[in-house]
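Asker: Chain by chain, the residues:
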Amino acid sequence: MKYINLILFFFPLFIYSQNDSLDISIKKGKSLYEDFCLRCHMPNGKGQEGIIPPLAKSDFLFKHMEESIKAIKFGGIEGEIIVNGVKYNSKMEKMGLYDDEIADIMNYTLNSWGNKYGKMIKENYVKSLKE
Amino acid sequence: MNKFFSITIFLGLILSNFSCAQDLKPFDNEIENSLITDEINYEMELVFEDENIIWAIEFFEDNSILATVKSGSLFHYKNGNKTEIMGLPEIYLRGQGGLLDIAFHPNFKENKWLYLSYASEDAGEKGGNTTIARAKLIENSLLDLEVLYKAAPNTRKGQHFGGRLEFDNDNYLYFSVGDRGNRDIYPQDITLDGGKIYRINDDGTIPDDNPFYNTPNSKKAIYSFGHRNPQGMFKHPITGKIWTNEHGPRGGDEINIIKKGKNYGWPKITYGINYSGTTITKKKSLPNMEQPLYYWLPSIAPSCFEYISSDIYPNWNGSLLAGALVFKYVERIGLKDNKVISRSKIAEDLGRPRDIKQGNDGYIYVSIEGKGIYKILPKK
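Protein chains in written order, with my numbering: chain H, 1 to 131; chain B, 1 to 380.
No lab work stands behind these hints: they were computed from the structure.
From the three backbone atoms N, C-alpha and C, an ideal C-beta is built for every residue, glycine too.
Any given hint could be a false lead.
Claimed, not checked - Distance condition first, Cα-Cα at most 30 angstroms in a straight line; then the derived DSS-like pairs of lysine-lysine:
1) B/Lys357 <-> B/Lys282
2) B/Lys284 <-> B/Lys109
3) B/Lys357 <-> H/Lys91
4) H/Lys28 <-> B/Lys268
5) B/Lys345 <-> H/Lys87
6) H/Lys46 <-> H/Lys73
7) H/Lys127 <-> H/Lys57
8) H/Lys28 <-> B/Lys150
9) H/Lys27 <-> B/Lys268
10) H/Lys28 <-> H/Lys116
11) B/Lys241 <-> B/Lys112
12) H/Lys28 <-> B/Lys126
13) B/Lys126 <-> H/Lys27
14) H/Lys91 <-> B/Lys345
15) B/Lys78 <-> B/Lys380
16) B/Lys345 <-> B/Lys375
17) H/Lys122 <-> H/Lys63
18) B/Lys150 <-> H/Lys94
Said to hold, decoys possible - Not the full set, but computed from the structure, chain H residues with beta-carbon under 7 angstroms of chain B:
19) Asp35
20) Phe36
21) Pro43
22) Lys91
23) Met95
24) Gly96
Using the sequences provided together with the hints, build the complete structure.
Answerer: Following this line, the structure appears as structure tokens:
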């Protein structure tokens, strides 16, 4: 009983700190997005149809998340992709971002412009991805 | 009959009015962009295929090409072959930064000096900043590399490295450093780097007639200030003056003729607004601040700048070329008495143009991201 009380007491704190670190990551991701991504993917994440794929409500982003993260880390995706029914074939350049920054940008992107993603992308996960 | 006759004359007058060389004012709104015409009497020939971002091209005396790849390599393209030049310094690849421009010393044939601009990271603060160096280019290697100028402080910001290089007729080297994403601090403060055009001697020393040479605490290499991100620069072949174009905020890209010690206004005055649509300042002019020769609305994102002095292309001699990163074309800007009289598109839809240069053969060459180097041929 005592233990359960303890757990009940600490559980909300645990949840709180999880959300808190996600919020911080999203906040950092926003300013990184404005620095490195906004010029092409636009302030509203809608990209430029046929030229720069959208990130807002992008089916590709959620279906191919690992590939999308690798695209930021290693520079673009080779060949044609289809995003929300539209073809894209322009290579994104490598931005020289650190793994923690890529995680922040992903967290911002996955939770902005109508996007919603339950989990948090962590630095270690980005680090583990190989070309 | 009479009526038709007068209508014809009337129409004729209107048409002749349009075809006359008139001052083309910057547009008042983004819709007027449709006034830009298409060039048709040319063809694009791919001379070197390359999947990278070729940020800069220069020509050797034999018209073979030396080219920088932004991610950090240097190549010599000759007769269909590509040879890598070894001995580059360590390059900081971050956002818009990487290996940027190159320039041959005006007396390269004898002294072999090649000048380079790039982003570098070094001991000290995290991040990087624009760096100017020179090295002897001998048999596909860079030797005796020396850093001539390093903008400070380092920052992890990814924007606005500037980085264009140009020699004038007196062998002074001009280069640009953008505001490094910190517009409220750097461009208006001559004791700090960033948001400036600089002038140095070919050995990296600072000319003692630089405008702020005797100003206490100033960065003495500064030649002009109040710039955002100049990425295009050429020496006017007739006047010898340095011309630049610069990335402005949304709707505020500019063409400027660089004058000693002048303030070009950023961010105190601008024709542009923030990318988000909010206002930076309502002021478009202020006393003691230079007005641009022209500004672009909407922004084309000018990546490079060249003056055509060749007669190979009918009617193009004396006009300017700028790469439009946003719209993916090369813009030809017709000029008369230093006024813009026409704007037209070349090489539309090929990709993002990064550098444009007139070769020693008089032809214009363009590097396009992910495609390679093209030669523009007049249509026969």
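Asker: Provide an ascending list of the numbers of those earlier hints which the structure does not satisfy.
Answerer: Numbers 1, 2, in rising order.
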